[in-house]
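Spelled out from the first residue to the last, the chains are:
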Amino acid sequence: MDLSAREVFEILSRSHAPMLRAYLLAAVRREADADDLFQEVLVAAWRGLPTYDRAKPFAPWLRGIAFNLVSDWRRSRRRDLLCDGETLALLDAQFGKLDNVAGDTWEEKTVALRVCLGELDEEDRRVIDLHYTGGQSCDAIAAALTQGVEWVKKRLQRARGRLGLCIDGKLSMGGSP
Amino acid sequence: MTDDADALPAEGPELAQHLFIHGLLRATKQASIDALVASAINRTRPRRRTALWSATAAALLIAVTILYLTGDHLPSAEAAVATAEKALDRDHHYAGTMYVNGAVVRTANWWIRADRWIVNVSPVWIGGDGGRIWMKGPLGRVIELQRDSDLPDLDPTLLQANLRDALAELRTSFDLQMIGREKAGLHVRGTRRGTGRGARTIDVWIDEKAGRTARAELDFEHRRHVLEFRDAEPHPDSFYLPAAH
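Line order of the protein sequences matches chains A and B. Under the working numbering, the first residue of the first sequence is numbered 1, with each subsequent residue one higher. Under the working numbering, the first residue of the second sequence is numbered 1, with each subsequent residue one higher.
Each statement offered as a hint is correct.
Label-pair distances were calculated between CB atoms; the ranges are:
1. A:D139 x B:G194: 30 to 38 Å
2. B:D34 x A:E86: 32 to 40 Å
3. B:Q177 x A:V115: 52 to 60 Å
4. A:G85 x B:S76: 49 to 57 Å
5. A:A93 x B:A232: 51 to 59 Å
6. B:Q177 x A:E150: 50 to 58 Å
7. B:G102 x A:R78: 26 to 34 Å
8. B:R193 x A:R47: 30 to 38 Å
9. B:N109 x A:G85: 39 to 47 Å
10. B:G196 x A:A55: 46 to 54 Å
11. A:Q147 x B:Q177: 52 to 60 Å
Quick look at which bits of chain A chain B covers, simulated, 3 or more residues with Cβ under 8 Å:
12. 9 to 22
13. 25 to 39
14. 91 to 99
15. 131 to 143
16. 158 to 166
Note that these hints are calculated values from the structure, not bench results. Quantities reported herein were computed from a predicted structural model and do not represent experimental measurements. Don't be surprised by glycine CBs; every beta carbon is placed ideally from N, CA and C.
Isolated chain A, as found in the complex (with noise of 0.2 Å):
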């Protein structure tokens, strides 16, 4: 059975909105913002769908657009960003190292992320719960932990390097823990 040009949009929309999500995460400060690009690269996608190239991958041409569509938004909200137009064309390469990892899922393509969470030793694993899982700032972990506000954010900055060097470590080895 031949599926239509918008079933297949939908079933590509589903698979890579996982990776959208979290591109889009990475370049904004608010959830909410992040939501309202997602929904806009969506619509911006389906009404591209004609100069898409099928022989090309899908991920890389969402970015692309998502990419397009943060730099214009940039332009009124910059102060609403994590980062200059150059950074956000690295994040972009960041992404791309997931594109080739095996799998057919967000979850398998990250399973490199949950195994390197592993190893992360006590303290950095903890305030990266307490930030990201428990969405707390960077000063009420502070005074749970009883610890100044710059220690968490070196905390916070060195359990991400950690990350980064460590999943970088698994995708050379060809995405497998």
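Dock chain B against the given chain A, drawing on the hints supplied.
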């Protein structure tokens, strides 16, 4: 989140790598992603002509209804809103639903009594007493907040859906219009004067008999919060403190 930016390297490839990890970690909480996709897909569907005809017919019906209703005595919109605001001096519980482009993305429960309020957006509780605001997270820790501070991963429109604040703002910053008497109650529409922060329009339906808001709809640019009355069960003062939740 200002402290996200503070906790990131300054620029370049190192910043890109940190943002990559930052995005992956933030995306581990994505309960609403199916609704977001569904909503975006829905926006790409062509609108049918029948929908246009239905909308036209509905508009005509509303116009005829309003003409019919204006024969009855209706209170002024200002008086109706003042009555509804006064009712919130007693405990009221409302169920809140947030829509993004027509799709449900979040639900909440609001309890309000005068300046005291709490909202539960599972698993987070947020409350206030007109001055201080507290937040209790899934780990049970309580932190105090400033209303205008950046709350981590919390939609900025959520606290603006506090019905008591919304009714007070209706009186001061909106042009009010009495739409008429409808099944849900007296329908009052407020349209924001100028371009202030917050909802652009607020619709409230006021139960004339009980003198309270039965339903409210706050329309933001891409978001709509709907509040529906649940009950007016009285609660002790301690109910509005974090220890109770």
